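There are 4 protein chains.
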Amino acid sequence: MNRDELTAIRRDLHAHPEPAFCEIRTAATVLDRLRGLPVRVRTGAEAMTVPGIPAYPSDAVRSGFAEHALRDGHDPATVASLAADGTAVVADLEGSRPGPVWGLRFDMDALPIGEADDPAHPPAAHGFRSSYDGFMHACGHDGHTAIGLALASRLADRDFAGTVRFLFQPAEEGGRGARAMIAAGAADGVDKFVAVHLGLDQPVGTVGAGIEGILATTKMRAYFTGRAAHAAAAPQEGRNALLAAATATLGVHALPRYSTADTRVNVGTLHAGDNFNIIAAHAELALEARSTDGAVNEDLTGRVKQVIKGAAAMHGVEVRIEETGGSTSMVCDAELVRDVVAACHAAGYGSQTLETVHMGGSDDASLFAAAVQQSGGLATYAVVGGSNAAPHHNPYFDIDEGALPVAVDMLDKLIRNG
Amino acid sequence: MNRDELTAIRRDLHAHPEPAFCEIRTAATVLDRLRGLPVRVRTGAEAMTVPGIPAYPSDAVRSGFAEHALRDGHDPATVASLAADGTAVVADLEGSRPGPVWGLRFDMDALPIGEADDPAHPPAAHGFRSSYDGFMHACGHDGHTAIGLALASRLADRDFAGTVRFLFQPAEEGGRGARAMIAAGAADGVDKFVAVHLGLDQPVGTVGAGIEGILATTKMRAYFTGRAAHAAAAPQEGRNALLAAATATLGVHALPRYSTADTRVNVGTLHAGDNFNIIAAHAELALEARSTDGAVNEDLTGRVKQVIKGAAAMHGVEVRIEETGGSTSMVCDAELVRDVVAACHAAGYGSQTLETVHMGGSDDASLFAAAVQQSGGLATYAVVGGSNAAPHHNPYFDIDEGALPVAVDMLDKLIRNG
Amino acid sequence: MNRDELTAIRRDLHAHPEPAFCEIRTAATVLDRLRGLPVRVRTGAEAMTVPGIPAYPSDAVRSGFAEHALRDGHDPATVASLAADGTAVVADLEGSRPGPVWGLRFDMDALPIGEADDPAHPPAAHGFRSSYDGFMHACGHDGHTAIGLALASRLADRDFAGTVRFLFQPAEEGGRGARAMIAAGAADGVDKFVAVHLGLDQPVGTVGAGIEGILATTKMRAYFTGRAAHAAAAPQEGRNALLAAATATLGVHALPRYSTADTRVNVGTLHAGDNFNIIAAHAELALEARSTDGAVNEDLTGRVKQVIKGAAAMHGVEVRIEETGGSTSMVCDAELVRDVVAACHAAGYGSQTLETVHMGGSDDASLFAAAVQQSGGLATYAVVGGSNAAPHHNPYFDIDEGALPVAVDMLDKLIRNG
Amino acid sequence: MNRDELTAIRRDLHAHPEPAFCEIRTAATVLDRLRGLPVRVRTGAEAMTVPGIPAYPSDAVRSGFAEHALRDGHDPATVASLAADGTAVVADLEGSRPGPVWGLRFDMDALPIGEADDPAHPPAAHGFRSSYDGFMHACGHDGHTAIGLALASRLADRDFAGTVRFLFQPAEEGGRGARAMIAAGAADGVDKFVAVHLGLDQPVGTVGAGIEGILATTKMRAYFTGRAAHAAAAPQEGRNALLAAATATLGVHALPRYSTADTRVNVGTLHAGDNFNIIAAHAELALEARSTDGAVNEDLTGRVKQVIKGAAAMHGVEVRIEETGGSTSMVCDAELVRDVVAACHAAGYGSQTLETVHMGGSDDASLFAAAVQQSGGLATYAVVGGSNAAPHHNPYFDIDEGALPVAVDMLDKLIRNG
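Going down the list, the protein sequences come from chains A, B, C and D. For the record, in the first sequence the residue sitting at position 74 is 74 according to the numbering used here, with numbers rising by one throughout. For the record, in the second sequence the residue sitting at position 199 is 199 according to the numbering used here, with numbers rising by one throughout. For the record, in the third sequence the residue sitting at position 112 is 112 according to the numbering used here, with numbers rising by one throughout. For the record, in the fourth sequence the residue sitting at position 345 is 345 according to the numbering used here, with numbers rising by one throughout.
Just so you know, not all the hints are guaranteed correct.
Where chains are identical, the list cannot tell them apart; a pair therefore holds if satisfied intra-copy or between any two copies.
Calculated cross-link-like contacts (lysine to aspartate or glutamate; reagent style EDC-like; alpha-carbon spacing at most 20 Å) [said to hold, decoys possible]:
{"hint": "1", "residue 1": "K309", "residue 2": "E298"}
{"hint": "2", "residue 1": "K305", "residue 2": "E318"}
{"hint": "3", "residue 1": "K305", "residue 2": "E237"}
{"hint": "4", "residue 1": "K413", "residue 2": "D92"}
Read the hints as simulated data drawn from the structure, not as lab findings. All values derive from a computational prediction rather than experimental measurement.
Kindly produce the complete structure, drawing on both the sequences and the hints.
Here you go:
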């Protein structure tokens with residue numbers, strides 16, 4: 001696959017951003033591109049376990065995205081199966097010589113952010129801005145998926161030792177996809193796990209062979225149920241779920257910093273109430289805790305829940321809290337970091353290679369890493385600089401496409417070096 | 001129109017509840033029923049002034065309700081015109097003798113409340129529960145509209161003095177419809193104004209000839225605009241609109257009671273944020289202030305705005321506040337109250353007639369009343385008991401249909417007594 | 001006692017304001033003035049029951065006020081006894097003819113408010129401003145006590161039927177004194193109870209023979225106990241009582257208005273924490289609920305407690321809530337109201353006499369009234385206008401002294417009329 | 001000075017803890033002990049500049065502590081001068097050979113914390129628990145002062161090169177003392193600056209020759225002024241300073257964590273209101289911001305102020321914010337750190353010596369350090385382990401007295417090594 005083709009795939013994906021577990025058109029594109037390559041593909045229940053996924057999108061929502069895939073001419077049977085059974089794709093490509101099993105994670109999901117419509121934003125200027133209102137690839141997963149496909153094409157000559165498992169993952173945002181794939185056995189037998197991530201405020205050409213500071217995280221939803229009442233005729237009959245949720249929000253954000261580890265809390269969304277003149281009977285929060293230390297994240301998560309329950313009790317409303325996702329912290333293995341550094345040198349990017357980059361975010365690749373490391377394997381998380389124009393999760397986020405071949409080249413060398 | 005027909009109309013309307021300014025199927029039904037009666041009908045710009053209505057529903061929303069009307073077989077031209085130009089209907093019925101111009105207000109809109117689906121709830125038991133998910137006639141406007149249509153049919157003999165103007169009003173909830181109709185001249189020339197309201201916790205057979213305690217109100221929306229940021233990688237770059245809105249909510253509810261008048265405040269809805277891991281860049285509140293005293297309502301409204309602006313300033317976010325509706329307080333004219341009492345006696349309901357009922361809510365009929373009174377006319381607001389099973393705006397709200405003929409009889413006598 | 005003497009007593013009391021249960025110099029003055037009159041005096045445990053009074057001032061605080069009384073030359077034994085056993089004084093004056101037992105309540109306590117030091121404020125201009133920093137007679141109790149003493153002097157001729165019981169009450173503010181006196185039997189046998197109150201925004205010369213709108217109230221203190229920690233070195237080890245108290249405060253003020261009765265809530269004081277750099281381990285609130293309806297006050301009190309407990313739970317801190325006082329609502333007996341009106345006419349103030357004045361506050365005289373009414377007696381609460389210069393509880397509050405003889409004359413006629 | 005005497009001084013100081021700028025008995029003790037040594041002593045305006053110190057304690061407060069010093073038999077003239085002109089003491093001890101000017105900081109102030117009264121707490125068991133209610137040496141400054149005095153005694157032989165300046169500093173807690181001493185020239189001419197601190201969770205025998213993670217900090221007070229009103233009769237007339245302060249507190253604690261540096265915020269005290277039934281007219285907060293990065297601390301401080309101002313605006317109250325203290329972050333000079341390490345080895349503590357200890361707190365010694373470094377000098381901050389029984393600022397805080405000679409020995413060797 002040449003560079004133009006790589007860029008074209010990324011732009012096509014960028015223009016069609018699909019959120020967590022709705023990556024139907026994206027996975028269909030992945031399957032199309034894998035066709036003809038010497039890979040063994042698993043999808044559906046062989047690639048991910050849907051039962052038990054919290055807050056899985058409704059049939060109606062998934063159908064909406066399936067329609068887009070059909071409109072673009074994707075195979076109806078494939079689309080139907082992806083919509084019904086899940087969007088994860090696992091593809092094993094066996095080399096011509098015996099060797100380790102590599103697990104390479106490429107995440108596919110987009111975010112519920114409206115993309116900037118401004119000529120200063122390259123996707124807008126060059127015609128590949130999101131065509132799905134309110135959704136955007138604002139974290140580079142469009143590029144990740146394209147990199148995975150280019151690498152599979154490059155390695156189709158099978159001139160390497162071992163097996164490369166391409167893990168095309170749904171729902172990295174919110175931390176639910178990796179867990180579902182691991183449950184289906186996608187990490188079984190992997191000896192060396194590598195996730196790549198574009199961006200992270202590094203310039204094009206820079207590769208970080210490992211990261212530190214990846215945050216353990218817990219994603220939660222809280223559902224408050226009070227009692228509606230006419231806000232003028234009988235406000236005292238109401239039990240105000242909106243007030244409970246607002247109080248919880250302030251309380252969660254006011255939780256203390258920890259001196260023992262870096263922490264984060266965020267109530268990201270609050271939706272409550274029906275009308276001006278009704279005491280709000282229901283409210284819903286989406287929120288998260290994080291920490292550089294897994295135990296601190298658990299302690300903080302416990303306090304977040306305590307705050308929410310207390311706020312509900314204050315206002316006489318019921319609350320149900322659901323953990324909808326999460327991931328753990330991660331320590332990159334020095335041996336594999338060294339291999340990535342060596343691969344960068346071999347690929348000609350040595351002068352800009354860093355051993356370690358500070359992450360400051362979360363990624364459920366950490367769950368793949370933990371699974372592999374617990375079985376005696378190695379894991380790292382490599383950052384490929386993309387001179388990102390704006391911070392991750394910003395409507396102006398964009399990746400310099402020069403980053404795409406850097407990642408492909410680095411991974412290619414890493415695999416072939418063994 | 002016999003009682004069965006009256007009940008049937010009410011049930012049909014009950015099953016098809018349309019919210020403010022979307023009363024397309026309802027208004028089409030009204031127009032159908034008026035056809036053949038000796039009335040002069042005004043619709044569109046002659047009945048209401050759309051430009052300037054705050055938070056008017058979008059074309060897409062109105063089109064959705066228009067489709068329902070079409071599916072039910074209503075005339076496509078009528079439906080298109082109601083969707084395009086507004087749903088108010090003004091119908092003048094001239095008596096055979098000279099006399100005053102009566103203005104009778106019948107409001108048509110429903111509420112964004114999901115109706116109870118429980119055999120204990122009569123509309124569910126008898127098959128006329130809302131067929132529009134999330135919407136419900138939970139304030140009796142279905143009955144009001146049916147009463148207006150039955151009265152028009154009854155008075156079609158023209159055996160009375162003067163003219164009766166039927167004011168079929170959209171958007172009483174939220175307080176925007178009366179203002180728009182007055183702007184189009186609907187109150188011009190009215191000498192005696194009467195609004196009827198079913199329910200208010202009075203038993204069937206009871207009529208309150210006037211009310212006290214009607215609340216002046218201001219409906220507002222507040223739009224907060226902050227700055228998004230990754231909640232882990234750079235939370236300090238964000239400006240948190242959700243926190244500002246939550247803080248404003250607590251502050252608004254904590255505003256003092258007044259010793260000089262009864263007051264209410266309510267933040268009815270709060271919607272903010274996009275995702276767990278993004279500092280929320282936008283938030284929106286729908287809220288209201290009320291008071292038995294118009295000046296106190298204004299003072300309270302000013303303090304509500306001050307709270308909102310201060311909360312935005314705390315968190316470094318911008319805020320825009322929009323007054324989206326409102327109504328004033330109302331004093332019923334004793335002379336007209338006496339006429340209603342007399343009409344009740346004449347209609348055989350005298351033993352249960354009250355001069356005054358306590359309201360404790362708001363109704364923008366007060367704006368019609370104020371317009372008429374300022375021109376030297378008289379106004380009252382009559383309550384027709386309906387043994388309501390649950391409070392207004394509750395998913396179990398229902399009216400005993402025995403109330404419908406009471407209202408028609410009373411109004412019939414009132415007009416014919418002159 | 002002539003008018004100059006009456007004024008002089010009031011000014012002396014005004015200059016020496018003593019807060020709840022510390023009215024030692026005041027009670028000593030009362031006892032001095034009663035000496036030589038034909039009264040039977042009860043003090044100490046015969047006049048009030050100290051055990052069980054919540055938040056009774058400490059020995060140290062009472063000793064401080066006792067010192068003032070000693071410095072002014074009051075009898076050391078009397079002062080010691082008042083400081084030790086309570087400051088209530090009950091004095092029975094028997095008329096020369098048989099008749100009813102009248103109970104007249106005169107409250108003696110001042111408020112913890114600093115008095116205005118401004119020549120525009122008459123007590124400052126005329127040299128009788130508070131000489132006790134931070135305390136002030138800002139509710140007219142100085143005048144009440146003076147009225148009681150003048151009336152006792154006037155009725156010393158015993159030319160009336162029945163017995164007059166003068167109830168010199170401590171601690172009206174905060175609602176603890178009446179309860180303590182009733183517990184000691186001070187209300188036993190009273191047939192007709194009258195409390196007088198100066199001010200209430202009525203002009204001098206106006207007497208309200210009864211009141212409506214008196215508020216039932218509950219006074220509470222909440223004590224939060226968390227855990228201290230260094231705010232930088234280990235904030236996560238702390239449990240923040242200050243945050244819990246601040247959250248409770250917002251939640252209490254945000255409790256709904258009631259449509260069934262007028263309500264009030266107020267967190268009047270919050271004291272928390274020790275230093276900038278310590279997570280606050282303790283916090284204390286003084287707060288109140290009120291309502292025109294006793295049952296609503298109880299419901300509201302319950303919700304206040306629920307809010308406080310929930311806020312403590314949010315932040316992992318303990319809380320103890322203490323009801324420190326309270327009073328009930330009150331309905332004045334029409335028969336006694338008529339007698340007061342007649343007395344006013346007899347005293348020459350008839351033209352300005354009102355049957356009923358709106359109160360909008362609380363007074364634990366309501367507990368005396370309830371005790372008397374439950375035993376078949378009658379009760380009223382009379383307002384004597386004083387052209388108050390500023391609202392009650394304001395640093396500029398003052399009473400036109402012309403009000404004092406009006407009250408004495410009215411009560412004199414009431415008793416002598418029988 | 002032998003070890004028993006060193007311990008005795010520490011225990012005497014421990015039993016008489018004096019808060020910021022009230023260290024009168026402490027400074028008098030210092031002056032007594034310095035008498036007879038070959039030092040040049042500066043006090044009063046030569047040692048610290050009082051004008052401009054924010055929230056300097058009132059004359060009455062300082063007089064109270066002066067009385068304690070007099071009762072203990074300290075010279076009245078000395079006590080009067082310390083109370084009037086400030087409690088800092090600067091003592092220069094010149095060695096017998098030319099050399100650098102050493103500045104050694106010993107802070108003297110205690111904290112407003114009540115000390116544990118529990119036999120498990122050594123000061124309680126051994127009879128040197130605080131005799132001043134509500135104050136406690138809970139940060140080891142009693143030990144620091146004793147160390148300084150023992151070192152001065154030890155170095156009185158003048159067998160070293162250069163000059164040692166002993167900086168006995170008031171008001172380290174709250175960050176105001178160092179600034180006042182620097183303003184008076186106390187840091188002028190210093191070539192090498194060392195502060196020692198006991199404790200910090202290190203075992204006895206361990207010395208940290210330098211620290212990292214010292215936090216820049218800003219201490220603030222916010223004074224809210226609203227309008228009082230009767231909470232029942234006219235709550236709407238009030239402007240609630242307590243609500244504003246509670247809202248500000250939640251908002252300050254809810255400020256975001258920074259990804260660029262470690263931060264802290266704390267509202268340590270809140271005092272508001274006068275009585276249950278008065279809308280609180282005034283409120284006062286004592287609060288602090290901190291960060292490992294000085295610029296982040298400034299940014300955070302700005303946001304804290306914005307929150308406070310916005311909260312005041314919400315509730316229509318005025319607010320004044322005062323910066324009452326602060327300090328900066330600090331980088332220890334490697335050369336001086338090496339000298340401390342060498343001194344530890346020379347003193348026989350080498351096996352437990354660390355180059356760097358993590359601080360996680362603030363100390364305005366950083367201002368001395370900054371002043372010295374800006375003039376080309378060197379600075380470090382040495383931690384002397386004390387096996388502290390409880391965290392700093394805890395009622396059970398205590399130092400193993402075995403730490404005292406370690407500090408004296410280390411400093412002695414450091415100076416004599418040159």
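Verification of the hints:
no.: 1; hint: K309 x E298; result: within (17 Å within a copy, 25 Å between copies)
no.: 2; hint: K305 x E318; result: both (13 Å within a copy, 17 Å between copies)
no.: 3; hint: K305 x E237; result: between (27 Å within a copy, 17 Å between copies)
no.: 4; hint: K413 x D92; result: within (18 Å within a copy, 67 Å between copies)
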